[in-house]
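> Work the whole structure out from these sequences, hints included.
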Amino acid sequence: MATVELQGVRKAYGALTVADGIDLSIGHGELVCLLGPSGCGKTTALRLIAGFIAPDAGAIVVGGRTLSDARATLPPERRNMSMIFQSYALWPHMTVAENIAYGLRLRLRRQPAAEVAAKVARILAVTQLEALRARYPGELSGGQQQRVALARALVVEPETLLLDEPLSNLDTNLREEMRFEIRRLHDAFRYTTVYVTHDQLEAMTTADRIVVMNTGRIEQVGSPEDVYLRPQSEFVARFIGGTNILHGTVDGGVARCGPMTVAWGQGAAAAGQTAISVRPHEVELSTDPAEGENAFSGTVMRHTYLGAQRDYLLDMGGDITLRAVTPLDTVLPVGAAVGVRLPRRHCRALPR
Amino acid sequence: MSNPATIRRPDISLLLFGLIALGLCVLVVLPLGWLGWFSVTNDQGGLTLANFRQLATDPALLKPMRVTLVIAVASAAGAALVAIPLAWLVARTDVPFRGAIRALVTASFVTPPFLGAIAWELLAAPNSGILNQWARWLFGMGEYDYLFDIYTVTGVAFCIGCYTFPYVFTLLANALENIPADIEDASNILGGGAWQTARRITLPLILPAILAGTLVAFLQALTLFGTPAILALPSGFHTLTTKIWSLFQYPPQTHLAAAAALPLLGVTLLVLQLQRWLLGRRSYVVVGGKNSPPRLIRLKLWRWPAFALCLLIMLNPVILPYAALLKAAVVRNLADPLAWSTLSWKHLHFVLWEFSGTRLAMTNTLVLGVVSATVVTAVALVVGYLASRRLVPGHQMLPVLAMAPIAVPGIVMGVGLFLVYTRPPFVLYGTLWILIVAFVTLEMPAGFQQVQAALRGLHVELEEASRIFGATRLQALWQITAPLLRTTIIATWSIVFIGVMRELSATILLTTSETKVISVVIYDLNEGGDLGAISVMGLALLLVTFAIILAVNRLPILGYRAGGRGRPAI
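Chains as they are written, first to last, in the working numbering: chain G, 198 to 549; chain B, 535 to 1104.
FYI, nobody ran anything at the bench for these hints, they're computed from the structure.
C-beta: ideal position from N, C-alpha, C; glycine also.
Treat each hint with caution, since some may be false.
[Stated by the list, open to error] Using C-beta positions, here's what the derived DEER-type ranges look like:
{"no.": "1", "chain 1": "B", "residue 1": "N708", "chain 2": "G", "residue 2": "Y210", "range": "33 to 41 Å"}
{"no.": "2", "chain 1": "G", "residue 1": "A315", "chain 2": "B", "residue 2": "I940", "range": "51 to 59 Å"}
{"no.": "3", "chain 1": "B", "residue 1": "Q730", "chain 2": "G", "residue 2": "A331", "range": "47 to 55 Å"}
{"no.": "4", "chain 1": "B", "residue 1": "L830", "chain 2": "G", "residue 2": "L371", "range": "33 to 41 Å"}
{"no.": "5", "chain 1": "B", "residue 1": "P1017", "chain 2": "G", "residue 2": "S338", "range": "18 to 26 Å"}
{"no.": "6", "chain 1": "G", "residue 1": "R332", "chain 2": "B", "residue 2": "H883", "range": "54 to 62 Å"}
{"no.": "7", "chain 1": "B", "residue 1": "R1020", "chain 2": "G", "residue 2": "Q325", "range": "28 to 36 Å"}
{"no.": "8", "chain 1": "G", "residue 1": "R330", "chain 2": "B", "residue 2": "R1088", "range": "23 to 31 Å"}
{"no.": "9", "chain 1": "G", "residue 1": "D508", "chain 2": "B", "residue 2": "R1088", "range": "57 to 65 Å"}
{"no.": "10", "chain 1": "G", "residue 1": "E295", "chain 2": "B", "residue 2": "L830", "range": "34 to 42 Å"}
[Unchecked claim] Computed far set for chain G versus chain B, every beta-carbon distance over 10 Å:
{"no.": "11", "residue": "R380"}
{"no.": "12", "residue": "V528"}
{"no.": "13", "residue": "V531"}
{"no.": "14", "residue": "P548"}
Right under this line is the structure:
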């Protein structure tokens, strides 16, 4: 196991910069999620760490060794890493057992075959694949293929484990199950792990730390709670969990956002322009006009029944709309005038 | 280790890239360059436009051009007319024995056109033709009356169409099969009846395939040498290809031949461009999630009449010609009826033991086939790999170079290669090398297309996975990519081998008495009128071809089911 450090890593394809100075330090045995929308550079970062591509500038240091810099790149086969690919990349001409043994045979060249067999047997047991060992990948279901990919990656006991959207090809139920499975296996083996995903739930469930990326840059690094409760930018607030953003100008400790004057209870506003974030489920609605601080009135534009709660879209005047998610007992017809309160302690001023 | 080190050593792929690019350039540019140069010079080496002037004014050249055009248009139109109902029946209806009908189409696809032409001589020569004998007997016609005459423009067009209609059929059948039932259901649910759906949805979707296939059939007819050489020359008329060939007979008029070859090249380029535009304008790959297989239309009462129609169509390219060849191969004299008393091993014996040309031609064909197939497969693999994995700068150029010969008809390539390799510094004429160069060039596009399609279907992550687990690039290639491409490699090799066996248009100009191949020997024997021996050789050629196709399609694929399903490899 090793630390993984990205130092000012930059990569561009022609005019398109896909990694724009990434600095990141991953500790021993830590599971870090690179999270972001497609095209944000997370997969590029992973492939840079794997050595499939070479950085234009900066360095990648693993366990104190520089593996990549602008001058030279150690090829992937000499990095002692393993990887789970988005397509699984199971070799269709090899059985499950052969797929799993492949990496071992390459790495334990001088070791007896018995040891390879023992390790394969052990991992087959851990991943519950014994019954399928003689099958070809084409004969497996998606979830089974996924487990083979996992077994194949774990059996070589890598210093670093890389996962590239490993669950994106599974259906919803299986995906949820596998999220916990990956976390469980990580707790058992404690490999330094870099996990790329665009699904925030996946990141929340599995990661020690989440790295939110956007347009080739890191937006914010922090624990799942950190990035959800204390987003540092509008992008992070929107991407993690979804939120209402009110743009306005700072004026004596409050933000003037169109017709609304909002006081915030957390975060820090930059001087001048600011953005206030308030999560939909923190918005309080009532049939009576709201009173006091951060109290406004609005009109219900749309109402959606979600089973466990209700989802309202509110017209606040001045082209401002708010989403509110409320308990089931808040029943408001479309068109109704409604009192809206944004509790100050849940209003967060974002520096960016 | 603080220095990651040792990676950017001089890359051998760059060297390889350079060599292959150069080689591919030489293959195409050299012959075409000489062709161009010869067309604008005279025997003294002076610049002149006289060749083109003669081309445009000499009736002896103008008439063949007109005839060629008539034949190409007629045969392409005929091919389309026949292929459209046939493809529809096979792809979209429950007509019986669809597999067998497809197999017959494949058979006509791989039948060398010159062999088909010879078979049709047996069938429809005015006097001795079997069909004419039947007609006389059936209708009580006079001894010298006849119903069919294959030695006519119509006969040539018919005979070419017999072996070009599979181009239309294949493209169209694929297009029809790729239309999922949903897309027609969608039209039905919006109120389109069966007829409306066919006209507004299905037809527009398959029209490009029909046109593109017809254009290919047109090009084939335009540039074919064998069929007109066998059927047109005896009755004294020429097509452009036979005319070019005759310009190489004594006294050779190579400059005029070069000029006469250029229109063929020009038309080919034009038509290919048109075809590309037709197929590429809109993407006819139907977009969407789960594709339902097309729905088969139930013909009910019409099933067997429809089958009869298919059979009637397939009589012409395959059933009748093959039967005629078989009969000619086993009866003592050509005019003999088929009976126990007339059976004879004479022709088989002659071909195998008496005729000195056989062994040499077989050896030559085998050597040429093996070498060309191996070279094409190897180069196609390397080019395909370098290009698909973007391993070298300028990789986009390689596929273009590999595909370039597709625009050069066999006879044009023949003229060009003749000009290049009959003079220093490369005197290859009279050796097998010139034929190898010709076959490698002509077959490169077909081989490359196979490999490229396979590599596109091979996810790059399969190889990367192998790298990350500790394999070097070469190990990954050997352990992962090569086994997965095994079927493709064998199929590519076989396609080239079959292509070499049936090539005549370029070969006829490049062969000498020491480098005869089977196709040329068959052509020579035809001039001598020895149809029994031809039939034996022709059937042997067909037998080998079918054996290869069967072997490739039955290849066990080592538990790798994904590639094993679906379309046959050839």
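> Now look at each hint and say whether the structure bears it out.
Hint check:
1. In this structure, N708(B) and Y210(G) meet the distance hint of 33 to 41 Å, their C-beta atoms being roughly 35 Å apart.
2. Distance hint check for A315(G) and I940(B): the Cβ-Cβ separation is about 55 Å, which falls inside the suggested range of 51 to 59 Å.
3. Remark: the range hint 47 to 55 Å for Q730(B) to A331(G) is upheld by a beta-carbon distance near 53 Å.
4. Checked against the hint of 33 to 41 Å, the C-beta distance between L830(B) and L371(G) comes to roughly 35 Å, which is consistent with it.
5. Distance hint for P1017(B) and S338(G): a CB-CB separation of about 24 Å, consistent with the stated range 18 to 26 Å.
6. The hinted window of 54 to 62 Å between R332(G) and H883(B) holds, with their beta carbons roughly 55 Å apart.
7. For R1020(B) and Q325(G), the hinted distance range of 28 to 36 Å is satisfied, since their beta carbons lie about 32 Å from each other.
8. About 29 Å separates the C-beta atoms of R330(G) and R1088(B), a value consistent with the hinted range of 23 to 31 Å.
9. Between D508(G) and R1088(B) the C-beta distance comes to about 60 Å, which sits within the given range of 57 to 65 Å.
10. At roughly 40 Å, the beta carbons of E295(G) and L830(B) sit within the given window of 34 to 42 Å.
11. Distance check on R380(G): its Cβ is at least 22 Å (rounded) from any Cβ of chain B, clearing the 10 Å threshold; non-interface status holds.
12. At the 10 Å boundary, the C-beta of V528(G) stays outside the reach of chain B, the nearest C-beta of that chain being 38 Å off.
13. For V531(G), the requirement that its beta carbon stay farther than 10 Å from each beta carbon of chain B is met, with the minimum near 32 Å.
14. Annotated as non-interface, P548(G) keeps its C-beta farther than 10 Å from every C-beta of chain B; the closest such distance is 38 Å.
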